[in-house]
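Please arrange chain U on chain B, whose structure you already have, making use of the hints.
In order, the protein sequences belong to chains B and U.
Here the first sequence stands for residues 1 to 231, numbered as in our numbering.
Here the second sequence stands for residues 1 to 250, numbered as in our numbering.
These are calculated hints, taken from the structure and not from any lab test.
This structure is a prediction, so every number in the text was calculated from the model and none was measured.
Beta carbons: idealized from backbone N, C-alpha and C, even for Gly.
Careful, some of the hints might be misleading.
Unchecked claim - Residues from chain B that face chain U, not an exhaustive set, calculated with beta carbons under 8 Å: (1) 124; (2) 126; (3) 127; (4) 128; (5) 129; (6) 136; (7) 137; (8) 141; (9) 148; (10) 213; (11) 216.
To be verified - Heads up, incomplete: computed chain U residues facing chain B, CB under 10 Å, no partners named: (12) 78; (13) 82; (14) 105; (15) 148; (16) 195.
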Amino acid sequence: MAADFGQFFINSLPDLLSGLGNTLLLTFVSIAAGFLLGVVLALGRVYGNKIINGFCVGYIELIRGTPLLVQLFIIYFGLPSIGIIFTPIQAALLGLSLNSGAYQAEYLRGSIQSVESGQMNAARSLGMNKLQSIRHVILPQALRISIPAWSNEFIYLLQYSSIAYIIQVTELTAEGKFIAAHTFRYLEVFAMIAVIYLALTIISTEIIDRVAKHFSIPGIGAAKRTSLRDL
Amino acid sequence: MTLLEIKEIYKSYGDVHILNGVSFTMKKDETKVIIGPSGTGKSTLLRCINQLSPPDKGQVWLNGEEITNPKSNINKMREKIGFVFQDFNLFTHLTAVRNVSIGLEKVKKIEKQEAHKRAMQELTRVGLVAQANQYPAQLSGGQKQRVGIARALAMDPDLILFDEPTSALDPELIGDVLDVMKSLCGKVAMLVVTHEMGFARNVADEIIFMEGGIIVEQGSPKEMFTNAKMARTREFLGRIGALYGDEKGG
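Chain B on its own, in the form it takes in the complex:
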């Protein structure tokens, strides 16, 4: 039985790894694109005028108020009816990025607002304009504060990218389902997949912790997370 599983594992590995490639692609592109979008939305919410602020609130509420699955269906199945056609992977990248952007915007907004107002006053008093003050004084602090929340978002994306299989993206979970359907070995296949997700999560948490440590500065938030090594 054990030897049999070993063979089965080796046979399945190439397919699982190719699915893993798509999972990582979805995760990294969406977290990065979502981050850029999140920064713009967060700044718009905190510093924008009524119109910009209203637009950002509207976008964030729309995305956070509807299921990711529905968003993906609209992009992949809905938009073709008005002539906008995406491949599955394009649709998934777009959907996950737009979705993550809204969530990251809210984390970042909290961090920006937690930077004391005196910091902006001091920057403006030196003669910096608003944009310079945000770039050189507010954001470097806010981004550090937001690392723990951001770490959560990364892990969330890593795992919820599996939802893309519903719009025919062959990422890790979809590969697993395919193998299982052909071999009827559901338990083994999904146990393997669970272990892969777990390993990815532990590794990425560790990396983010090290990044956080590298950029940490005395006096700026980012309470230390307990990593598995400390247990």
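For chain U alone, kept in the frame of chain B given last:
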């Protein structure tokens, strides 16, 4: 020559009238101290001068240019006006020396190495070379405030506004900050809101007593301490003198 001219400044927050027509002038390199009870609008006045809180009415002129004119380049004008805060407001994510050099780099566009050199000179001036690479969280209150002063000085301002610079400090740390301020006398114009009567008495060219959003009386320290015209001024100075001591920091 007139450096700063304040004309009929009014400021309200909602229904609360903070400043009700304040006017005075300052000459180049002059030191003026503003005293008065809490909630009188002293800090608000400073914030009106550098437009952190623009006044509702009135004008502020610096070197013959109107700061309050919406067409004036406020960022350019602020380079000439240093601001030292009661709670320091050092940039939390930067070391002491970077706190001082960042304005030179980003606002004055001075090359990084040159800015660093200048920043070290300013830290030397306030006696904090050894702390150059420490972050604000690693500094004492008095050290933070001296970095705050160095940060303002590095920009080569014509005027520095001090908003109760020693109020948040432990008593034994106040002296160091006051010493630095005294050393600046006659080198740059200083407008200081403070309760340090010793400093006011010994260092100020003129003392302005404010209450209820107006200037009640102003004059040289000698006139104010020995021969104030208004009963309210005498009463205030008597009470604050007993509380803070006349000679401290003197």
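To see whether the hints hold, each was checked on the structure:
1. 124: At 7 Å from the nearest chain U Cβ, residue 124 of chain B passes the 8 Å test, so the hint holds.
2. 126: 4 Å, holds
3. 127: 4 Å, holds
4. 128: 6 Å, holds
5. 129: 5 Å, holds
6. 136: 6 Å, holds
7. 137: Hint on residue 137 of chain B: holds, closest Cβ of chain U at ~6 Å, below 8 Å.
8. 141: At 5 Å from the nearest chain U Cβ, residue 141 of chain B passes the 8 Å test, so the hint holds.
9. 148: 17 Å, violated
10. 213: Status violated, d = 15 Å.
11. 216: Hint on residue 216 of chain B: violated, closest Cβ of chain U at ~10 Å, above 8 Å.
12. 78: Check passed: Cβ of residue 78 of chain U comes within 4 Å of chain B, closer than 10 Å.
13. 82: 8 Å, holds
14. 105: 9 Å, holds
15. 148: Given a least distance of 8 Å, the restraint on residue 148 of chain U holds.
16. 195: Hint on residue 195 of chain U: violated, closest Cβ of chain B at ~21 Å, above 10 Å.
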